[in-house]
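**Q** Please build the complex by placing chain H on the supplied structure of chain G, with the hints as guidance.
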Amino acid sequence: MSQPKVVVTGLGILSAIGNDRPSFWNALCQGRNGFAPIKTIDPNSLRFKIVAQIGDFDPRHYLENKQLEYMDRFAQFALIAAREAFRDANIHDWTDEQRNRFGVVMGSSGGGQATIDDGFVELYRHHKPRVHPLTIPRVMANAGASHIATDLGITGPCYAVSTACSSANHAIGQGFWLIRSGVIDGAIVGGSEAPLSFGNLKAWEALRVVSPDLCRPFSRDRNGIILGEGAGVLILESLKHARARGAHIYAELAGFGMSADASHVIQPCSDGAARAMQAALHDAGMCPEDIDYINAHGTGTTVNDLTETVSIRKVFGRHADKLLISSTKSMHGHALGAAGALESVAVALSLQDGVVPPTANFTEADPACDLDVVPNQARQADIRCAVSNSFAFGGLNAVLAFRRWEHETN
Amino acid sequence: MSTTQQTGPATELAERVIAVIRKSADKPMENITLDTTFEELGFDSVDAVTMTFAIEDEFGIEIDGHGFIGLKNIGQIVEMLETMMAPPA
Chain G
0 MSQPKVVVTG
10 LGILSAIGND
20 RPSFWNALCQ
30 GRNGFAPIKT
40 IDPNSLRFKI
50 VAQIGDFDPR
60 HYLENKQLEY
70 MDRFAQFALI
80 AAREAFRDAN
90 IHDWTDEQRN
100 RFGVVMGSSG
110 GGQATIDDGF
120 VELYRHHKPR
130 VHPLTIPRVM
140 ANAGASHIAT
150 DLGITGPCYA
160 VSTACSSANH
170 AIGQGFWLIR
180 SGVIDGAIVG
190 GSEAPLSFGN
200 LKAWEALRVV
210 SPDLCRPFSR
220 DRNGIILGEG
230 AGVLILESLK
240 HARARGAHIY
250 AELAGFGMSA
260 DASHVIQPCS
270 DGAARAMQAA
280 LHDAGMCPED
290 IDYINAHGTG
300 TTVNDLTETV
310 SIRKVFGRHA
320 DKLLISSTKS
330 MHGHALGAAG
340 ALESVAVALS
350 LQDGVVPPTA
360 NFTEADPACD
370 LDVVPNQARQ
380 ADIRCAVSNS
390 FAFGGLNAVL
400 AFRRWEHETN
Chain H
0 MSTTQQTGPA
10 TELAERVIAV
20 IRKSADKPME
30 NITLDTTFEE
40 LGFDSVDAVT
50 MTFAIEDEFG
60 IEIDGHGFIG
70 LKNIGQIVEM
80 LETMMAPPA
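Those protein sequence lines, which keep their order, are chains G and H. If you're matching positions, the first sequence starts at 0 in numbering that gives the first Met the number 0 and goes up one per residue. If you're matching positions, the second sequence starts at 0 in numbering that gives the first Met the number 0 and goes up one per residue.
Chain G on its own, in the form it takes in the complex (with noise of 0.2 Å):
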């Protein structure tokens, strides 16, 4: 019996370069990046500036005081863009057994971060005794798939994924995997993060993989990434659900695969990348062929783009030489456990319109990365299936397939 298709539904952001999917959209297709010195935070306390931050966000035109009390910011970017994709996805008056057979599952890297900052400030800078007393569920990485079930009423399996820079894509392929075994009829995927907090900052300046200036993924030049925060949001439903209602589809979200590369905490290896993209088309029912465009983790650093030209060789062969690949965190910035959910909001939209978002920043090709990772300009594209990639550290790898909604044959 063939398995049930999932399709992607809703889709909602919020980022450096967006806080809705139109202007996301509009910006990954003119290559305008959201990098800016940082702004809440003194930046001479840091060697490092550039960030990619939210512009003119303010919770509480979107959330109740009552809500916001429970919420670090990194909950309220995960319920603002859920409730962007839910509104975008269009479902109402739904009955009690809806509610059931539909699952959250969210990616955090860090939780709330912020709010723990907070308290070591109280306790160890002003030496208070205590701290906030709603400190704890404000932290706990889980938060933001609370919220969101809490909020749009969502009564069934509701989790959290944490695997660092691959959480979003682990939470969207759980999500999907739910659907598709027959558990839930859709699911409410994504990952949402909020690392500017001042005391995470010092730890990723310690670690000496920022970029001072700008992130230019796949360039000879490239000095390593620029830290970004937001949320991405998609609402999948099997196909059998999606048409009963009429929805709009977006996408086909087909395979997804994982891989650990058990080597290295920190430095990143090809083949375990490789093993999690070829997983991923096993999935789906795809062969290297199939695949057109792939939005790469292209991180910005020398090794990741490096080790990630390699894994996309050894997969792809031949056929590497005719893939789109960029890199959107050229222009959202590497926003950590959320990348995925950015990414894959990015390559649904592709899908959807026929364009290629570009590696934007782009100075001079490295003959080490030698793929057409198409720089600065977007492009348009006849793009049928398109894959996409997460690298975490601890060497946790998570890809996602998707194929083309054809509308008028499906």
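A portion of the hints provided could be inaccurate.
Only pairs whose alpha carbons sit at most 30 Å apart, straight line, appear in this in silico DSS-like list of lysine-lysine [as the list claims (entries may be wrong)]:
1) G:K239 x G:K4
2) G:K38 x G:K48
3) H:K22 x G:K201
4) G:K48 x H:K71
5) H:K22 x H:K71
6) G:K201 x G:K127
7) G:K201 x H:K71
8) G:K313 x G:K4
9) G:K201 x G:K38
It should be emphasised that the hints constitute simulated quantities derived from the structure, not laboratory data. These numbers were taken from a predicted model, which means no experiment stands behind them.
**A** The following block gives chain H in isolation, referenced to the frame of chain G:
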């Protein structure tokens, strides 16, 4: 003569650097000199970052950019520190 061509620690600074590095090494290393390479010590680029941190702590300084990533041996670390800590001309 460049520091990297010396066969042993010649200065107090070099001895302090070697002491820090000896603590970071996986296994006891008896004969660490300025010519000892990161490869011989079994250090990768992540070790270069943690070593930079340890040296910053030892000398109370801040090293910009990628720290010791890209350097090959201990003599090059010492040269970098000598340049950083030289009194202004």
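**Q** Now look at each hint and say whether the structure bears it out.
**A** Verification of the supplied hints:
| no. | hint | in the structure |
| --- | --- | --- |
| 1 | G:K239 x G:K4 | holds, 8 Å |
| 2 | G:K38 x G:K48 | holds, 9 Å |
| 3 | H:K22 x G:K201 | holds, 24 Å |
| 4 | G:K48 x H:K71 | holds, 29 Å |
| 5 | H:K22 x H:K71 | holds, 18 Å |
| 6 | G:K201 x G:K127 | holds, 23 Å |
| 7 | G:K201 x H:K71 | holds, 27 Å |
| 8 | G:K313 x G:K4 | holds, 28 Å |
| 9 | G:K201 x G:K38 | holds, 16 Å |
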